[in-house]
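Enquirer: Sequence:
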Amino acid sequence: MNINEKLATIQTKFKSKKSRFNSFGKYNFRSAEDILEATKPFLLELGVSVTISETLISTDPFPILESKATITDGQSNAIHATSIVGIDLDQKGMQMPQKFGSASSYGKKYALGNLFLIDDTQDADHGKAEKAKPKLEGQALTKAKAFLKAGGSLDAIKSKYEIPAATLKTL
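If you're matching positions, the sequence shown starts at 1 in the working numbering and goes up one per residue.
Just so you know, not all the hints are guaranteed correct.
Claimed, not checked - Below, computed lysine to aspartate or glutamate pairings styled on EDC-like, alpha-carbon distance capped at 16 Å:
no.: 1; residue 1: K135; residue 2: D119
no.: 2; residue 1: K26; residue 2: E162
no.: 3; residue 1: K160; residue 2: E137
Just so you know, the hints here were simulated from the structure itself, not pulled from any lab data.
Given only the sequences and the hints, what does the whole structure look like? Please build it.
Expert: What follows is the structure, encoded as structure tokens:
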């Protein structure tokens, strides 16, 4: 099996969970780490390795980072995919290392996505991507109980939160 066939095998069999949750946008997403973890079973099976390298390709007017994901069979056969990310030096609420780290993570994720043909587009059946509901627990649970005592609807809470069966019984 040549390197193209090995990559095609990974591209067609690849499965990676979206294990991270964005609480601001209320959606699940996968990280570069999730993608790398999902490729591990293929590495020994197919005799390949995956690496990621980064290069600062510009600093004017702002830093631009190129991330390159590479799959190789160790015999000088390799396939590369890249992504390019600008680093927002004016980003509020982050220290400089966080700004570079965030851009680096983003670039790695998209370089790997380009290499493995990971499709993050929305489901055609739904018209928009489904967002995971947060679990009803902690302070949200306390507020939900007060909402119900004041005459609020359980259906309103169900539409906003994932409610474990044990918690539902206490409401």
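Enquirer: Next step is simple, just say for each hint if it's right about the structure.
Expert: To see whether the hints hold, each was checked on the structure:
{"no.": "1", "hint": "K135 - D119", "result": "27 Å, violated"}
{"no.": "2", "hint": "K26 - E162", "result": "13 Å, holds"}
{"no.": "3", "hint": "K160 - E137", "result": "12 Å, holds"}
The structure does not agree with numbered hint 1 stated previously, though it agrees with all others.
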